[in-house]
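For the sequence shown, the residue numbers in the numbering used here are 757 to 1203.
Quick caveat, the hints were computed from the structure, so don't treat them as lab data. The C-beta atom is built at its ideal place from N, Cα and C for all residues, glycine as well. Just so you know, not all the hints are guaranteed correct.
[What the hints assert, rightly or not] The calculated BS3-like cross-link candidates involving lysine-lysine, where the alpha carbons are at most 25 Å apart (straight line), are: (1) Lys-1025 <-> Lys-1172; (2) Lys-920 <-> Lys-931; (3) Lys-829 <-> Lys-1172; (4) Lys-829 <-> Lys-867; (5) Lys-1180 <-> Lys-1162; (6) Lys-1172 <-> Lys-1068; (7) Lys-829 <-> Lys-931; (8) Lys-867 <-> Lys-1116; (9) Lys-1068 <-> Lys-1116; (10) Lys-1069 <-> Lys-931; (11) Lys-1172 <-> Lys-1162; (12) Lys-867 <-> Lys-920; (13) Lys-831 <-> Lys-897; (14) Lys-829 <-> Lys-920; (15) Lys-831 <-> Lys-867; (16) Lys-897 <-> Lys-829; (17) Lys-1162 <-> Lys-831.
[Said to hold, decoys possible] Here are the simulated distance ranges between beta carbons: (18) Glu-869 <-> Asp-941: 28 to 38 Å; (19) Gln-903 <-> Glu-869: 31 to 41 Å; (20) Trp-1080 <-> Ser-1109: 46 to 56 Å.
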Amino acid sequence: MKTSQPHKVLLSLLITIQQGKKLLRALLIMIMIGATIFIHVITHIMLTTYYDNSVLTRIVVEPKTAKTTKITKTKYRTLIAVELSEREWDREEFIAMMYASWQYVTSLLTKPEPLSQHPLIGVPDNGYRVILDLIIFCEPKACATVQSVTECHEPLLDSFLISKEDIGTYTNEMKGYCFWHQLDDEYVGRSMRYHYPFLTSLQFLSEFPVPRIISHYDYVLRTDMDAVVTPNVLLWIPPYQYAFGDGYMGQPFTHERLETIAREKLHTKTCNVHGMQSTWYVHTNQFLELVHYTLNFTQYVFEQEFTESVCKKEVIALGHVCTWPDWHQGVSSLYGSELAINHVFCAGQNDTSRLNNAWKSTFLDSNSWSEIRNTVQFHLLMMKHNLFPDIERVGNFQQLRELCRKFRRRLSMDLKGRSLEELKTNDEYAFYFFSQTLKIDCRTFLN
């Protein structure tokens, strides 16, 4: 059957239209592919340009042969946190020891002479400086003393550490600050709920406002109000980020018992590191965790490990005594602290992140006869026992006269007219600050 001419034309037109549709569809697909590629290229260019000029830190995969560069800070800020009770003796010790030594040390940052040339500094100058803030967490009467006798006039809650105002200026300053914070009326009762008096020097570290302000600091020096700091503290930070005072805290039996408690009773980690004292100099990244476990373990040891039954079966039956130096309830906070330190820092994979004996430092809780140049912080127990009880007994004019006479003889014998920079031992260094404080009361008799 033959097709007419009009039909041929129509058929040809339909074929042309179908071919055109295919061509158009192919063209549209090509346009879409081209547009997609174009968008990807433009996006890549834009993002590359943005991140090349961005202040954000980018992750870069370095070649295996590349060496990583360690960024070293030129300034660290350390918080010295102390608790101050209302006891007259404690207030006198704080003014004469911690506050006086902190005031002297921080004043050295404003001197034109290089710190490395200071006669009392023995640690190397590694190019950084440590700025020290002193914050006193005080009971009401003690806070009144702090405000009237020291230059720590501003309450912590009114400071920029809480409000964050002018915090940029504070961060850049080479200046140490002193603040006070009044503990609430229930603090002592809350801390003494286990009838263990030494928890008052720990409990405040877990409560407001410490968690609020801790981010402003690199390190915390946790010590007591009667401790003394030396100029070395301006140039020294813990080599492993954490350091603990090194000293005697019991017999081998004591250490073995703490290991047993960790493994079999508390089921906590232990590196079997012993002999750590009450002073911590630690990085803030695990400070609150360490405080938490120390409080819990101290409570456990004090309440559960000194019962009559435990002492008979686990101490006396093994030929030891439930008192110092074998197993003494009065140092439960030392035992709790050791258990906590071992538990928190035994998870590391190498010597720089895992607790070992190198973390114990003779720079902290140093002996009174040690050289100042080899000390960062210490307690002067000998002078406390010899002189501060005499101050406690002063109740009238005649007793004050006798104390000042004794003080004058001791001052002449110990210091021999030397200046502070000429002293050698920790004993002499602390006695110098004590003498300056006592002179206020004895000025009439020392002229």
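Verification of the hints:
1. Lys-1025 <-> Lys-1172: 52 Å, violated
2. Lys-920 <-> Lys-931: Measuring from Cα to Cα gives roughly 17 Å; hence the hint holds.
3. Lys-829 <-> Lys-1172: 41 Å, violated
4. Lys-829 <-> Lys-867: Roughly 21 Å separates the two Cα atoms, so the pair holds.
5. Lys-1180 <-> Lys-1162: 23 Å, holds
6. Lys-1172 <-> Lys-1068: 54 Å, violated
7. Lys-829 <-> Lys-931: Holds - the C-alpha atoms of Lys-931 and Lys-829 are around 16 Å apart, at most 25 Å.
8. Lys-867 <-> Lys-1116: Distance of about 32 Å is beyond 25 Å: violated.
9. Lys-1068 <-> Lys-1116: Violated - the C-alpha atoms of Lys-1116 and Lys-1068 are around 33 Å apart, more than 25 Å.
10. Lys-1069 <-> Lys-931: 55 Å, violated
11. Lys-1172 <-> Lys-1162: 15 Å, holds
12. Lys-867 <-> Lys-920: 29 Å, violated
13. Lys-831 <-> Lys-897: Violated. Lys-831 to Lys-897 sits at ~35 Å, over the 25 Å cutoff.
14. Lys-829 <-> Lys-920: Measuring from Cα to Cα gives roughly 22 Å; hence the hint holds.
15. Lys-831 <-> Lys-867: 17 Å, holds
16. Lys-897 <-> Lys-829: 40 Å, violated
17. Lys-1162 <-> Lys-831: 44 Å, violated
18. Glu-869 <-> Asp-941: 28 to 38 Å: 47 Å Cβ-Cβ, so the 28 to 38 Å window is violated.
19. Gln-903 <-> Glu-869: 31 to 41 Å: Between Gln-903 and Glu-869, where Cβ atoms are some 33 Å apart, the hint holds.
20. Trp-1080 <-> Ser-1109: 46 to 56 Å: 34 Å, violated
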